[in-house]
Every structure is written in structure tokens, then in C-alpha cells.
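Student: Here's the letter readout for the chains.
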Amino acid sequence: MAPVTYLDAIRQALLEEMDRDPAVLLIGEDIGVYGGAFKATAGLLERFGWERVIDTPISETAIVGAAVGMSYLGLRPVAEMQFIDFIACAFNQITNFVAKSHYRWGAPVPIVIRGPAGGGVHGSAFHSANPEMYFVHTPGLKVIYPATAYDAKGLLKSAIRDNNPVLFFEHKFLYRRIKEELPQGDYTVPIGQAIVRRPGRDLTIVTYAAMVHASLEAAEQLAREGIEAEVVDLRTLLPLDRETIIESVRRTSKLLVVHEDTRTGGIAGEIAALVTDSAFDDLDGPIRRVTSLDTPVPFSPPLEEHFLPNAARIAEAARDLARY
Amino acid sequence: MKSDPARRRPELTHEEALELYYYLRLNRSLDELLVRLFRQNKIVGGLYGSLGQEATSVGTAYALAKGDWIAPLIRNVGSLLVRGYRPRDIMTQYMARVTSPTQGKDGTCHFGDLKTHHVVAPISMLGDLIPVMTGVAMAGRYLGQKIVAMTWIGDGGTSTGAFHEGMNLAAVQRAPLVVVVENNQWAYSTPVNRQAPLHDFADRGRAYGIASYTVDGNDLVAVLRIAREAVERARQGHGPVLIEAKTMRMLGHAQHDPAEYVPREMFEYWKARDPLSLYGKYLDQRNLWNEKEKAAIHARIERELAADLEFAENSPFPPPELAEQGVYCQGCHDIKAEWRRAKEDLMPPKSSVKPEWTIKNFGAMETEAAVAADHAEQPDAAMEPAVAHPGQTARKRKIAAPAPRRARR
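Sequence lines, in order, name chains A and B.
Number 226 in numbering that gives the first Met the number 0 belongs to position 227 of the first sequence; there are no gaps in the numbering.
Number 373 in numbering that gives the first Met the number 0 belongs to position 374 of the second sequence; there are no gaps in the numbering.
Okay, chain B solo, but in the shape it has when bound:
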């Protein structure tokens, strides 16, 4: 690639450095508060923590621009905070109050909003978000918006059929999609080596012919660096990107689960690599903050969480009859397509084409080197919308992963 966005700019500005710490610490503190609420019996149903995975959630979401879209999973509290949701939203969801984003219709981080936050709510059936976010990415391109869609999936979730269908469609469509595979070592009680016999889940990207990265998911700065590069790639029209973030779920699947199946030394190994401590050290070593700033952030978080908790605890439960409402959208739809290109291009006569495939280079036996050379020759070829490319060469289809960079520690 001609330009490396990570090199063009300083790694982190002072403001960014502090803001990232704020989100990381807020994610951790909110989680700790939720555990307390769970023990006080104030949470309805299960509590799914993000302990140990905060850097991945915060770092990846932080790489996005304002108009971009995300679809988090339940552990991506950090991503929701970065995208503008407040702790009270998550608290009221877990406490099943009418003031929650879903008014008590659903719990946990199962919420979203199409208009302001551009967040697609997760569902429990893993993998379904990948094709949905592929559609978001395709629609953004169709409308001429330069947006990127990002979603997360666990190591376990990559075993689903929906994951495969979604990744493959995104790949052939070269959709501006970034998929973050959070390899947190455990899917409920099943270890990662029982999901797939892969050392790196980034290898899955190779199978789809897309760029992929492996990154230390506990290193916030490394995550952000790779995520920015991936988002930029996708935004430039180079197709979807898969990022594998190696991290660790530092607790059970949910609060009821003591995770006795996890070897103690594994927890110890990862505890020494706690994302919050790692990032604190990074800030210390580079003199990116001082004690006063650190204390101010902690005080702010304490203040905000106290206020939000008060709000949540004073919020009523929903009225029972709300259960009957909202099955259908009746007169409620006000999502207008935001066109950033001329609609005429999509209407006849301009839209009219010769309905036949043009397949170049068929039968050609090509080497990987030739593919790489081809890509080096025309780095911007992929910027044209892939959907308009019935004549896409066999070459580009074969292996479109142009030298994926691995950031491995």
C-alpha cells in the first residue's frame, strides 16, 4: 500500500490517549458495578461480563468515524460506550426497566438504534450479525455513503453457518465490512481448540480471499492501530477485513458460571496481561498523562456511574400491557435513505446494462506471486464498486488478500 495511515499520524494524541483510558476504565468500572448489582439481586436474568476483553471492544470501535455502523455482541460494552451509549442504558437494560433502550422488551446489551448511534442490536444466535452487517455495508455503498460496518464475533461464533455465509457474501461483494473475531479462548465451557484446529483465526480470512490480521487483543494501542488500518482499507473499497484479537474471557460465560473448567494457570497468565494495566503502563512510559489527569478521570467515572445508578434504580418497570405493543411497525417507519449519489445512476437508462457475465483469464493457472504483482500494479482497482463488476477477473477472486500484515506479539 502506498500510504500507511498508522505512520502518517502520531499514534495517539494526548486527548485520544486520555479518552481511551476513560472508556477502558468506564467499561471495567461499569462491569464491576453490574456484578455488585447482580449479587444484590437487582439484575433480571443473567449477567455477561466483558472482564479482560475491554481493550478489544474499545480499541476497535474507537477506530470508526461518526457515520459508521456497528453491531456489537453482549460483551462489547466498551464498543457501545465509545459509540455514545451511556452506562445508564446498560444498567436499565440489565435491570429490565422501562427507561431502558428497549423499554424492557429485551435485556443485556440487546439494544440498538438506527438513527443516531447506528447500532444494530445483537441476537443470541451467533453469526447472524455478519450477513446483516454485510447488508449494512452494501447499502452504505449503494447510497454513496462512505461508511464502514463493523461487527464482532467470538472464536466459537465462527463455527456457525451464518458466519460463513456472511463472510463469503461480504467477500464476493467486497463490502466495506470489518469483522473482529474476539478469540477469547472459551465459548461457554468449550476451549478454542475444540472450535477449530487453527493457531490463528485470522487464517479464516484467507479462506475467504480477504485481508486479515492477528492482534494482541489486550493491547489497546495495538488493537486501535490495526483497527484503524482495517477500517481505512474497507473504506477505500478494498473489501472486508477480518481482525483476530487474541484475548481472554476472565470469568465464566455468565455470572452463574464459576468457570471451573478453565485451568487456573490460564487465568494467571492472562491476568498478568490485564488490558487496563497494560494501557496504564503505556501512558506512564510515554508520559501521556499525569496523576492529576488520572484522578480526574476516575472521579468523573465515579460521578457518572453514581448518577446513572440512581437513575436506573429510580426507574419503574414497564407497564404489563406494553407486552402487546410493537409486534408490527404501524406508521412508525421513518428511516429515509440518505442518498449521497445521484439516484439517476440507478435508474434507466443510466442503470441499463448488457446482461451477461464477462469472465477474463479463465483457465489461467496463476501463482500467488502473480496475484500479488497484479495487485501491486493496480492498487486502486479494488476501489471500484465490486457489485458493478461482472467482469471481475478470476485473478482477483482467487486470493484477494493482499499481503495481510500480522501484528503478533
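The shape of chain A in the complex, shown without the other chains:
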């Protein structure tokens, strides 16, 4: 079997789920004939036809709204945001209508809203965002942000089969840059479970999405210096896998949180509160974070590189913390 890219893993998940269940259909902009801005839906119109791969006007609110309505009749729509930045255009529909539907009046909304997120590709302020925390702050949603092709496929399948609204963030920097062998046949990855990507005794790095790879790179470097960092990939941000985080920090006594999202209001703050609450006595140092700057995503390469966290900065913060 040839290795599969993160992007192809997503396409495979969509295709296999649509093959499995005719209730699964796709709705979004330019996903049909064109196959999506990143080709995540390439070939799906050809296979499943106009009724199951629905190209819409430029209307994010209507895309999400229509998906909700479809789900009320037992369908399993997957809505694409061409770039996840545009999810802001559907913010009200998602946070007020979708997220509260089951709580308020018992109507489940089994939909998936997916799209390319994240920076590092010089997309500037409107094609690089990491808006996940708006939605992590919204009870009723599930928020997934995978870091590997295996997880992307398995988690997307879980998201489609889940009975709740799931926001599925795909890191566009990873789309074609990472690949791996995937198992033959159907498999899923459970929502709400973090995974230890690399074991270590000296400190815990909690991270997700593209920063998993930057953190693993930093951990390699640190290992050469004799510092063993444990890297925890959250995979799901909501609901958060508190146990895996706490359990790791109890072993290493030190915590560094790394995210590509901007600093203030990022998930590092929530995790820091969680750990001081549940494992304060186990801590041997301050909880540190490496994040993007509190600015919009800038355009020019030197600016964007300055804005984003990277392996060197993660290693530096980890070294500092290990020495504490």
C-alpha cells in the first residue's frame, strides 16, 4: 500500500462513509465539479452525483443551516467551509442554532462542519486562522483538530457517525506534507481521546494539529541534550481528554502547552487552570506556553514566521522549564 497524505485520508473518509450510507452527503462551495479548493472532495461528484455533492452559493450561514435541516430528517450532511476562516460567517447559525438545539428542545444535530485551517502557507489574515476556541467555548459542539493522516481519516469517520454537531478542523499545512500507511478497510478513532505521541519523563508538552510535528521535532532535539519530553496530542479539543493530560503531568511534573492559535484565550489557559486545579501538588515548575502572537496572521513570510511558534521556540521553552 502506498502511503496516504493527510488530505487523501480525509477524501477517503468522505468517500467510504458515502459508500457506506446514502444518508451521508456533502454541501459546500466548489466541492462538486471543482472538487474543493484543496481537492478534498475530488471525484466525489463523479461517483455520487449532483444530489449528494451539493455546490452552493457563497453562503456559509445557509450551508450550515441547510445541513441542520437535513440532519433533522435523518441525513448526515458534511458541510465544507472553503477556508475555515469563513466559519465566522456562519457563527450565529453554529453557536446559537446548532449548539443549543439538543439542549433546548431535544433535537440532535448530527452534522460535520469541516474545512482547512491554520497558517504557515502565507495565506494572510483571512486564509490562515485557527478559530477553534470560539467553538470550544460553546457547549454542545465537539471540536476535532487531527495531526496525522491516520487520525484525520479515523476521526472524520467518527465525526460523521456521531450524533452531535462536530467541527472538524484540518490543518492545511499538513494536507500534502505528511503521509503514512493506513490500515486496509474501515477503522475509526474515538472522539475525545488524546494520545501520547512520544513518551518522556522530564516534562509534558500538550499540543495539537500542526504543532504536534513542531513539538516532536523539538523533542528530538531535546533528547539529544538529555531532556526527555513527553508529547501529548489532544486530537479532540472539546470534549477535552482531561485524564490523559493530568496523568502525564503527574508523571513529569512539568507542563508546556503549545498551540498555533493566538495566545490570549487559547486552550493553554484552560489546560493550565485544569492542571493547577487537579495536579497542583505534582507540579515542579510554572506552566508555560508557546503560542502564536496576539495579532492577526500577517502575510509576508518573515512576518508570518515571526508570528508562528516553531520547533526552536518550543525547544527553548522546554529547556527553560526542564531546568526550573
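Keep in mind that a hint or two might mislead.
Below, a sample of chain B positions facing chain A; criterion: calculated Cβ distance under 8 Å [claimed, not checked]: (1) Phe110; (2) Asn167; (3) Val352.
Here are the simulated lysine-lysine pairs, DSSO-like style, with alpha carbons at most 30 Å apart [said to hold, decoys possible]: (4) Lys359(B) with Lys38(A); (5) Lys291(B) with Lys270(B); (6) Lys156(A) with Lys342(B); (7) Lys114(B) with Lys156(A).
Using C-beta positions, here's what the derived DEER-type ranges look like [said to hold, decoys possible]: (8) Asp256(B) with Ala87(A): 29 to 39 Å; (9) Pro257(B) with Lys38(A): 56 to 66 Å; (10) Pro56(A) with Asn313(B): 45 to 55 Å; (11) Asp29(A) with Asn40(B): 53 to 63 Å; (12) Phe125(A) with Asp256(B): 38 to 48 Å; (13) Gly160(B) with Pro189(A): 34 to 44 Å; (14) Asp29(A) with Glu10(B): 47 to 57 Å; (15) Phe316(B) with Arg241(A): 27 to 37 Å; (16) Ala322(B) with Val195(A): 28 to 38 Å; (17) Pro257(B) with Ala87(A): 30 to 40 Å; (18) Pro56(A) with Asp256(B): 29 to 39 Å; (19) His198(B) with Asp18(A): 49 to 59 Å; (20) Asp276(A) with Ala322(B): 15 to 25 Å.
Derived by calculation from the structure, the hints in this document are not laboratory data.
The C-beta atom is built at its ideal place from N, Cα and C for all residues, glycine as well.
Given the coordinates of chain A, assemble chain B onto it according to the supplied hints.
Tutor: Same frame as chain A, now just chain B:
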């Protein structure tokens, strides 16, 4: 159109005539009861009345068939009653009791049910229901169900972006959706001419290339007539329909609001056109009822409201810990897609298509007359599911409103 459903059948059967009166009067009496409860401090939060708008709520919902779907707004108490909800459901909602449809999780007419009533609960952010009901309509068609989705919006709500996105998507998808724009002259304190400089909100339909109607929203029979025609159009696959019902909100936005911004003579004008009196006169003039039948309906309503009020007042408030439950649906989902067509049609190889657009007549400068003629030639062309039509002609897209009939008084 070849056949006019309104002409084929008698306007109203005797049973329908009485049933409509029952709903109209029940809507009014329930509203009056809720006002009393509000003054007795038995209602939690605000009370949003439907006084003056009952004919629009009842007449439009009455045009639907059993399997159809609705998404009402908070003033559409009449629509909820027609769709089978009982006064106790609305009372317990307003009184925040655990026996309410939302168990106290939400109030007012913010409730619904996917399985039996096919009612999608409203949210306060106006316009959001339009794309949602577009999705309901699209899903119904996808599953091969011949259903129609209906929702309501005020004159003010048509100013939202969600309204536009939803109408436009419904239009390009030719979804079986009926949108009732209740032009009740006021959006909270803002008059209709500050929402849009339009004489008729039905004109908004024209901008989406869909059929639209204007109807006297206080005339129950006229509303029902137009709604039946609109529902039939949508069900036949001719795309969404917009109905503007001109009516008047005969009170403030909610009970706290004395509506002093409304000119007194405006209330007087509309009071003379009270929907209940108008319909009573209609029944009198056509001898569709007698005093005995009228009294029986009133007695029934009184009896039902008394029983429901007793139920509501004896209902407990929800236990506090209920607040923690139901954020996620865990093992609760039992909505099964009801297929009324062969699933194989949606699976390869049958579903496979050539992935390219076919655009006919591009560059053609067409007149409205040509469009109308085109439609007259092939009245059933629109019955094919629009989603399967990448090759839909530029012509049909341009102005698909085939001679919208205006029922204006």
C-alpha cells in the same frame, strides 16, 4: 397553470369552516389567558402575543398536509395549535414547568419535535430558520418524501443576512419551501418603512426569482386560499414560494411594551379589520354555522383551557440538576431517514455522473415575455429535481417567477 386547486374544490367544507374558527378562537383565547397569567405574575420572563395575527398563523399552517414540516416564530401560536400542539404546551413553556415540551430548558414558543409534529423550534436570531427549513425541504426531496417545509418571518426579519442566504439557496435549489413574511408593520418599535422602502414585501420574492404573493393577512379565507396554492406549487416541484401577509401586531413587542410609538389611528384602522370578527362575518354571511355550533366551540375552548391551566399550575418546576443534562446527545439519536425512493439511485454506479456543468443559452439576451412563454410551453419542466440539473438553462434561472398572482384587497 393548468389547474387551480382553489377552484377545483369548494372554498371550505362545513367541517373545515368550523375547525378553522376553533383554531382562530383558541389562539385568541389562549393569548388572553396568557395575558391574565402574566398580570398574575405566573409567567416567567416576557410574553409575546399574537393578537391581530391569528388568521395568518392559522390559515397558512392549515394549508399543510400531515407529513409537512413547519418552523414557527414566537407569535405563531395558531400554527402550533393547528399542527397538534395543545394550549398546555404553550402555558407550561411560559410558566417554565418541567412538564413543558422543553422541560423548562427554554421558554415561550421555543419548542419543537422532529418525530410527531415535525416542528422545528425557533431561535431568537431571526432569519436562521430560513436556511434550516431549506435543508428540511431539500432532505425531504432527497428522501423521496413529497413534503413541503413552511416557515414564518416578520417584515423586520427579512432584513437579516440569514434570510437572504436562505431564500437564495432555496431558490437555486428550487426547494419545496413556503416562506410566510408576516408584514405586521412593526419590528419592536421600528416601522416597516425603516426596514425596507418596499410597498410589498412580496417583491423580495421577485429578486430571488421565485413566485410570490401578497395577501390580506387578517382575512383567514384569503390566507388559506393563497397558502394552499403556494403549498401545492412547492409540492409539485415548482420551487419555493414567498407569501407576504399584510397584518398588524395589535400590541407591543412583548407585554412590557405599551407600544406608545404606534399611532393610535393605526390601531383603530386595524381593529376594524380584526381577523376574528372578519371570519365570523364570513361564516354568518355564508350560513356556514349556526348559533348552537358557535356556542359549542366556545364551550369546548373554555373547557380545554380550564383543564390545561389546571395541569400547568399543578406542574412542578424542573429539578435544578436538569440544567446539567442534555448538552450532548448521548445514545439518544433515533431519527431514522424515511426513504421513499430507491437508495440505489443515490449509490454508484447509478449515482455516477459526468462532473461538468452544461450551461445552455449563455450570452442570450432574453425578454421576460420569452421567459414566460418558455414556462408556458413546459409547465412540468420544473418538476424535475433541480439539484440534478447542472444543465438548468440560464433562462429558468433568470426569472423563475411565473406570473405570481397577487391577491390584494
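Student: Give a verdict on every hint.
Tutor: Structure-based check of each hint:
Because the beta carbon of Phe110(B) sits about 5 Å from the nearest beta carbon in chain A, less than 8 Å, this interface hint is met. Nearest Cβ of chain A to the Cβ of Asn167(B): about 6 Å, under the 8 Å cut. The hint holds. Taken as an interface hint, Val352(B) checks out: its beta carbon lies about 5 Å from the nearest beta carbon of chain A, inside 8 Å. This hinted pair checks out: Lys359(B) and Lys38(A) have alpha carbons roughly 27 Å apart, not beyond 30 Å.
The hinted pair formed by Lys291(B) and Lys270(B) meets the criterion: a straight-line CA distance of about 27 Å does not exceed 30 Å. In summary, the hint linking Lys156(A) to Lys342(B) is supported, as the alpha carbons are separated by about 21 Å, within the 30 Å threshold. Restraint check for Lys114(B) and Lys156(A): satisfied, since their Cα atoms lie roughly 26 Å apart, inside the 30 Å limit. In this structure, Asp256(B) and Ala87(A) meet the distance hint of 29 to 39 Å, their C-beta atoms being roughly 33 Å apart.
A hinted range of 56 to 66 Å for the beta carbons of Pro257(B) and Lys38(A) is consistent with their spacing of about 60 Å. Between Pro56(A) and Asn313(B) the C-beta distance comes to about 51 Å, which sits within the given range of 45 to 55 Å. Between Asp29(A) and Asn40(B) the CB atoms are about 55 Å apart, so this pair conforms to the stated range of 53 to 63 Å. Look at Phe125(A) against Asp256(B): about 41 Å separates their beta carbons, and that is inside 38 to 48 Å.
Distance hint for Gly160(B) and Pro189(A): a CB-CB separation of about 37 Å, consistent with the stated range 34 to 44 Å. Checking the proposed 47 to 57 Å range against Asp29(A) and Glu10(B) shows it holds: the Cβ atoms sit about 49 Å from each other. At roughly 32 Å, the beta carbons of Phe316(B) and Arg241(A) sit within the given window of 27 to 37 Å. Here the CB-CB span from Ala322(B) to Val195(A) is close to 35 Å, well matched to the stated 28 to 38 Å.
Restraint check, Pro257(B) to Ala87(A): a C-beta distance of roughly 39 Å satisfies the suggested window 30 to 40 Å. At about 37 Å, the beta-carbon gap between Pro56(A) and Asp256(B) stays in the expected band of 29 to 39 Å. Distance hint for His198(B) and Asp18(A): a CB-CB separation of about 53 Å, consistent with the stated range 49 to 59 Å. Look at Asp276(A) against Ala322(B): about 21 Å separates their beta carbons, and that is inside 15 to 25 Å.
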